[in-house]
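Each chain, written out:
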Amino acid sequence: MIAFLTYKGILVLVIFIITLAVAAYSTYAERKVAAFLQDRIGPDRAGPFGLLQPLADGAKFFFKEEIIPNVSNKVLFVLGPCIAMLTALMAGVVIPWGNTVFLGGKEYALQIADLNIGILYVFGVVSIGVYGIMIGGWSSNNKFSLLGAIRASAQMISYEIAMGLSIIALILMTGTLSLREITLQQAGGIGSHWNFWNVVYQPLGFIIFLVCAFAECNRTPFDLPECETELVGGYHTEYSSMKLGLYLFSEYINMFISSAVISTLYFGGFNFPFMNNVGLSHNWITVLGSAFFFGKVVFFIFFFMWIRWTIPRFRYDQLMNLGWKILLPLAIFNIALTGLVSLLFSR
Amino acid sequence: MTLYAFYFLSFVAIFSALLVVFSKNPVYSVLYLIITFFAIAGHYILLNAQFLAVVHVIVYAGAIMVLFLYVIMLLNLNEESEPHKNTMVKIAAVFSSGLLLLVLIGSLRGASQLVHKTGGEIGLVQNLGQVLFGEFLFPFEVASILLLAAMVGVVMVGKDEEKNAND
Amino acid sequence: MLTNRSKVVVKKEMNFWERIYLPAILGGIIITIKHLFRRKATVRYPETKRYISDIWRGEHVLKRDEHGAERCTACGLCAVACPAEAITMTAAERKKGEEGLYREEKYASVYEINMLRCIFCGLCEEACPKEAIFLTNRIVTTDYDRESFIYGKDKLVEPVDNRIDVTVRQTQAVQEFKQHKSFSHNR
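Protein chains in written order, with the working numbering: chain C, 1 to 347; chain S, 1001 to 1167; chain U, 2001 to 2187.
With the rest of the complex left out, here is chain C (with noise of 0.2 Å):
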């Protein structure tokens, strides 16, 4: 029992940090990667190429002064950001990181829960996410903040709908909710066993499923929450100090979490190819199979920004009419051809 709490324990914190660390060069990442797509360097005075340009933001964030506004609703107004944080970070909880490691002859899964309704998991911590920035955007007593609030908490109430039907589909094909056993039959790849990522079957899913996650993650061409040119600061308008750190770092929590959900459903996750055919000892395999799914969660990250760095922002009710017009019947088509297709070849 004690063997079993350290060892959860420490992969807790391992994630924890991990995630935070991620999160923090995420900041860094999102200013470089604007600035190269824009022709710019961007950040590079702290540390060599800037690399200690996170660590320069976050103790600037702390030595900031803290401002909570005289009107506002101040147990909230603290709330909202600890939400905000709280929710992005229990995400990571079921995402399979790795697969299993024999340390002295016991099995450790690099995975801190593997419950057998991984997806739907996940999907409730997003769904209470919005309550940080709702709570947020009302406490301040803005009207900017409120309008972001509430453009935030229809935004999100929309495409995670859309989001929810475009992964029924997969789970129609892959016939579980634990992430672990979807990462599971993905693997082998090319190689010994003819095993595609899901994205080959699912690829109507896979955009849908894209397409939410930017909306989820508040990201551009989505991000008319905190629209800075109609509503100044959006719902975060009138947070400094950290708890401003909080809301943006959990932006990126919440985009790396997404990234790694991505990676997971419609990428293989762990998994990668010729992973059956390197002739290494299983436990090298996991450690490679993590740095693959790191590198693929990288990856989409970096197509989070480049997407920012080159589409504008949708207009409200663009984003509206793209939400429910578009993915939501796409979705339930998406639904509807799997089905057939599965029931036709019976995979």
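It is worth saying that the hints were derived from the structure and are not from the lab.
Predicted, not measured: the structure shown is a model, and the values here were computed from it.
Please note: incorrect hints may appear among the correct ones.
Covered stretches of chain S, as calculated for chain C (at least 3 residues, CB under 8 Å) [stated by the list, open to error]:
| # | region |
| --- | --- |
| 1 | 1025-1034 |
| 2 | 1054-1063 |
| 3 | 1149-1156 |
Far from chain C, by Cβ distances over 12 Å, these chain U residues were calculated [said to hold, decoys possible]:
| # | residue |
| --- | --- |
| 4 | V2008 |
| 5 | I2031 |
| 6 | F2037 |
| 7 | S2109 |
| 8 | L2123 |
| 9 | T2136 |
| 10 | I2164 |
Lysine-lysine pairs mimicking DSS-like chemistry, simulated, CA-CA at most 27 Å apart [claimed, not checked]:
| # | chain 1 | residue 1 | chain 2 | residue 2 |
| --- | --- | --- | --- | --- |
| 11 | S | K1024 | C | K74 |
| 12 | S | K1159 | C | K325 |
| 13 | S | K1024 | C | K143 |
| 14 | U | K2049 | U | K2155 |
| 15 | U | K2012 | U | K2153 |
| 16 | U | K2063 | U | K2007 |
| 17 | U | K2012 | U | K2063 |
| 18 | C | K325 | U | K2155 |
| 19 | U | K2049 | C | K325 |
Note that the Cβ used here is the ideal one computed from N, Cα and C, for glycine as well.
Starting from the known structure of chain C, fit chains S and U onto it as the hints suggest.
Then chains S and U, alone, in the frame of chain C:
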């Protein structure tokens, strides 16, 4: 361990449910209701029904309460703008909710045997799916048609109002 | 229609491929990814500085002649030529014994250029009949208050022992240009 968790969750659920009723600010009511839902989701987990728990969180806490909060924030309801209700309405409300309580108690009286009968695994996805699409297929489909009808009705009502506004 | 380049705006119905956005988005991300590998336009300022041309029009200098006497006679042509009205001056008469200081009988006792008004067009340089004022490739330094941007003779006149070279601005072509009496400013 499970017993203490049950008492704790029950306390949280009942306490926050009472606060839903007693808090003056509607936004607080909604937030307490969300806490209540989470406590109930915890109860589902104690009953080994993770699927129900997560769906409960997604649907109620994650979607319906967001819409509630949305509307309340948009209307900016507070203590001053609350309309005064007369005594007859209050009595009627107490009477109808008392009836609902009676119905609930009546239906839950045999629940303890039910848990034992199914081995406490009714809440898992497979079992729930089997039951829903086997034994209760007809009520399930009827419920979905009911929801669809309600949705269409809402759209129709919304369209009508728009037309009137244009006239 | 002057340039024949104007386009008539047509709002035509988008076809299917245009309406699903994805090809357009793909085109967009291809364009941006190309920029990732382009040469960067940034100049890392304190380490590398951008090349400033020798004939760059920067801070002014009031020249002295070969004996160290100020060339300016306070004729006021520069002030007239200045489109931004940045130059003001007060003329004074040369006293006995000041022949080494001022070349002509009349000189500018006060000569001020407001660097915040100045647009560095170089018309004062062209207007000057005495080859007294020149623009140089020095940059006007920044400051916190407006008063310090009014440069007086203390900053404008070149020091005797530290002459500022303006020979690049006085090439043969410039000298010839100054001889043309048909141009209004040379009259």
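Results of checking the hints against the structure:
{"no.": "1", "hint": "1025-1034", "in the structure": "holds (count 3)"}
{"no.": "2", "hint": "1054-1063", "in the structure": "holds (count 7)"}
{"no.": "3", "hint": "1149-1156", "in the structure": "violated (count 0)"}
{"no.": "4", "hint": "V2008", "in the structure": "holds, 24 Å"}
{"no.": "5", "hint": "I2031", "in the structure": "violated, 8 Å"}
{"no.": "6", "hint": "F2037", "in the structure": "violated, 9 Å"}
{"no.": "7", "hint": "S2109", "in the structure": "holds, 48 Å"}
{"no.": "8", "hint": "L2123", "in the structure": "holds, 36 Å"}
{"no.": "9", "hint": "T2136", "in the structure": "holds, 31 Å"}
{"no.": "10", "hint": "I2164", "in the structure": "holds, 34 Å"}
{"no.": "11", "hint": "K1024(S) x K74(C)", "in the structure": "holds, 17 Å"}
{"no.": "12", "hint": "K1159(S) x K325(C)", "in the structure": "holds, 17 Å"}
{"no.": "13", "hint": "K1024(S) x K143(C)", "in the structure": "holds, 22 Å"}
{"no.": "14", "hint": "K2049(U) x K2155(U)", "in the structure": "holds, 25 Å"}
{"no.": "15", "hint": "K2012(U) x K2153(U)", "in the structure": "violated, 66 Å"}
{"no.": "16", "hint": "K2063(U) x K2007(U)", "in the structure": "violated, 54 Å"}
{"no.": "17", "hint": "K2012(U) x K2063(U)", "in the structure": "violated, 66 Å"}
{"no.": "18", "hint": "K325(C) x K2155(U)", "in the structure": "violated, 70 Å"}
{"no.": "19", "hint": "K2049(U) x K325(C)", "in the structure": "violated, 54 Å"}
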